[in-house]
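Protein chains in written order, with the working numbering: chain A, 2 to 129; chain B, 29 to 137; chain C, 70 to 612.
Keep in mind that the hints were calculated from the coordinates and are not lab data. One thing to keep in mind: the hints can contain errors.
[Claimed, not checked] With beta-carbon atoms standing in for the labels, derived distance ranges:
| # | chain 1 | residue 1 | chain 2 | residue 2 | range |
| --- | --- | --- | --- | --- | --- |
| 1 | B | ARG79 | C | GLU255 | 20 to 28 Å |
| 2 | B | GLY114 | C | ASP257 | 22 to 30 Å |
| 3 | C | GLY559 | B | LYS93 | 54 to 62 Å |
| 4 | B | GLY86 | C | ALA232 | 52 to 60 Å |
| 5 | C | GLY126 | B | GLY69 | 46 to 54 Å |
| 6 | B | THR119 | A | LYS118 | 26 to 34 Å |
| 7 | C | GLY597 | B | ASP68 | 46 to 54 Å |
| 8 | C | LEU242 | B | ASN70 | 33 to 41 Å |
| 9 | C | THR554 | B | GLY69 | 29 to 37 Å |
| 10 | B | THR81 | C | GLU314 | 30 to 38 Å |
| 11 | C | ALA565 | B | LYS93 | 35 to 43 Å |
| 12 | C | ARG123 | B | ARG74 | 39 to 47 Å |
This structure is a prediction, so every number in the text was calculated from the model and none was measured. Ideal Cβ placement from N, Cα and C applies to all residues, glycine included.
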Amino acid sequence: GAGAALMTVLPLRAYAATTDELIAEFTGGADIADTGIDFTAPEIAENGNTVPISVSAEGASAIMVLASGNPTPPVATFNFGPLAGSHSASTRIRLAGTQDVIAIAKLADGSFARASKTVKVTIGGCGG
Amino acid sequence: MADGVKPRVKAPKTAAAGEVVTLKTLISHPMESGQRKDSDGNTIPRSIINRFTCDFNGENIIDVKMEPAISTNPYFEFEAKIPEAGDLKFTWYDDDGSVYEETKSVAIG
Amino acid sequence: GNWSRLAAQQRLTQDQLLNFDTFGNVSLIHVTDIHAQLKPIYFREPSVNIGVGRNRGEVPHVTGADFRRLYGIEDGSPSHYALSSGDFSSLAQAYGKVGGLDRVSTVINSIRADRPDALLLDGGDTWHGSYTCHHTQGQDMVNVMNGLKPDAMTFHWEFTLGADRVTELVEGLPFAALGQNIFDAEWDEPLPDLFPPYKFFERGGVKIAVIGQAFPYLPIANPRWMFPEFSFGIRDENMQAMVDEVRAQGAELVVALSHNGFDVDKKMASVVTGIDVILSGHTHDALPEPVLVGETIIVASGSNGKFVSRVDLDVRDGRMMGFRHKLIPIFSDVIEPDAAMTKLIDEQRAPFETQLKEVIGTTDELLYRRGNFNGTWDDLICNALISERDADIAMSPGVRWGPSLIPGDDITREDIWNVTSMSYGEAYRSEMTGEFIKVILEDVADNIFNPDPYYQQGGDMVRIGGMGYRIDVTKPQGERISEMTLLKTGEAIDPAKTYVVAGWASVNEGTEGPMIWDVVEDHIRKQGTVKLDPNTSVEVVNG
Ligand SMILES: [Mn+2]
Ligand SMILES: [Mn+2]
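Using the sequences and the accompanying hints, generate a full structural model.
Encoded structure:
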């Protein structure tokens, strides 16, 4: 069944400008490749308040995660130290509605790579 | 300092020299985003953990800049290389200046 | 048409239904989505089941006469009645009820007589859906299913019994409770003691691995607060890891016992390599032939105890070399019940017999549920919500379970519970803006009509009473729904205006209201005889 009125309506807004600005700031305006980074997130969030995500980019010194549709897009920046066993990490994030979540890695050679995934945040209910 | 902040860590007690191990951390914290309003319509001020680090014998494994979009009770999973016996040090930095620490010793064997 | 005479000429026999030329060296028996239907029932298959994206026009999104043409099924034949919609009421009178776990037992016994070590696998949605299941918190189903001696099962609605109860029942099971995608929510770790990812079986000299896949979207489609310690998801990367793991351990045959839903299973079969057979549940589809995706066959076995699938496999040199399959419809008047099982079933029902049998009213209509947009059962439930809860608009969840009744049938309390029982049956009454009602419709529509199956949850559209709308299933979320109209005034729904909405099965904790089965019972009692106007309030574009 559809949710009752208690349910908060999650806005489907995009803050493209801010997201683009944050990316430009991170990359210094450099080109961004589509390969060299893996980004994992569920297709549909079990709970928009705690969405599991994983990032991985071999040799990356840093990976930035942005939630393009959140009121404030920054989520986290993972900086890997000399004893990092891999250049990967997982955490749980808040998403204010269905949106694209973006990860950008700064790779060992100084270049950048990007991956994104649409995560649906749904009111829920019903089923077979 | 937020009430009842309690770090928990899953780390192996032993590793082979040079082994890559998986580490998991959870810390109880409301991560008040600064986006919510109370019943009177006033914005509840932001109060989050803004940084998490993990080092081994003083050398860095990971250093995370955290934003209000990190969920309540922040969780991290990552991998570390263990070159020798020593201590894993986990540190969380709160907006209010509090610092929460946890240490786990790893033996070689 | 009047098929009863035709049907009478076509005498079905148990031997015909069970006839199977035993093949290869392994037999799988699949039952799924029984929804606690211990006794024979009627079950009308959908006439509207729209596929989107790559699945447009593909099975199971083919219904009625198109379905019969596709499979060469003769009009009026037993297969017509069992597998497709059209002339349901008259065919139901001719062919009688379907299902009943004592009949299912006879079929399983017959397969085991051919192949004593056949694997019996239950796809889940077993411990939910009836008066007795609700009042025994699933114990009646556990007792009866144990009598069938399954080898493994997986899960969906079982979790709506609550985390403690589902754990208690699972711990007591004499067979494997599988779910490679059931994880501990706190540390995101598997739960190998409670829900192992897979189990090995040695059958017919073949090493078989059965991997479980629970319903991926349990905390979304059902109330997360009832089982907060568990996390699900499709986790197809972990599925691939499990397939690789069992292959490395020498599995010659890999079977996925899945509650993904059919389109999700098709996509998973194209993403994950090395699964030989997917036994598919959740979307309640019944297909007379497996669907082949790459080298994986996908078997759909219907719901409500109406079908048993038998799949015989020839496995040699670590490979599936061939298969033979039959979807066996359980014609209750044709298949002799297994007396021991009848006794076991009746024992479960005995304490509740008086309540079950009470006649609340009768129906002049065919009452059914399945279909993407509405069914007459939900039309009746929506009418009950509007009149008993004094609402402008009613919402009834697009669940796919619930048997049918044919014109002239009594409506008993059991019948009402068969289409309403659940552990969160409160009938709420709340105020919603027109804008919010649209948000709900768009949200649910995207869970059904998103072109990527991994974004689908496998239910049908929320049923609406008191309001009409137009839906273009091919549009993206936010643009599918238009022309929302309040039926009692004929006026367009105003986004800013507030409407009184009554509904049930809210996934939100703390939902208040009378239980839906009581609301429906009160309404039917007042009606005496149920009559319904044809529902023309949903206009489907590009369906
Ligand atoms: Mn089901
Ligand atoms: Mn299901």
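For a quick check of understanding: which of the numbered hints are violated here, in increasing order? 4 and 8
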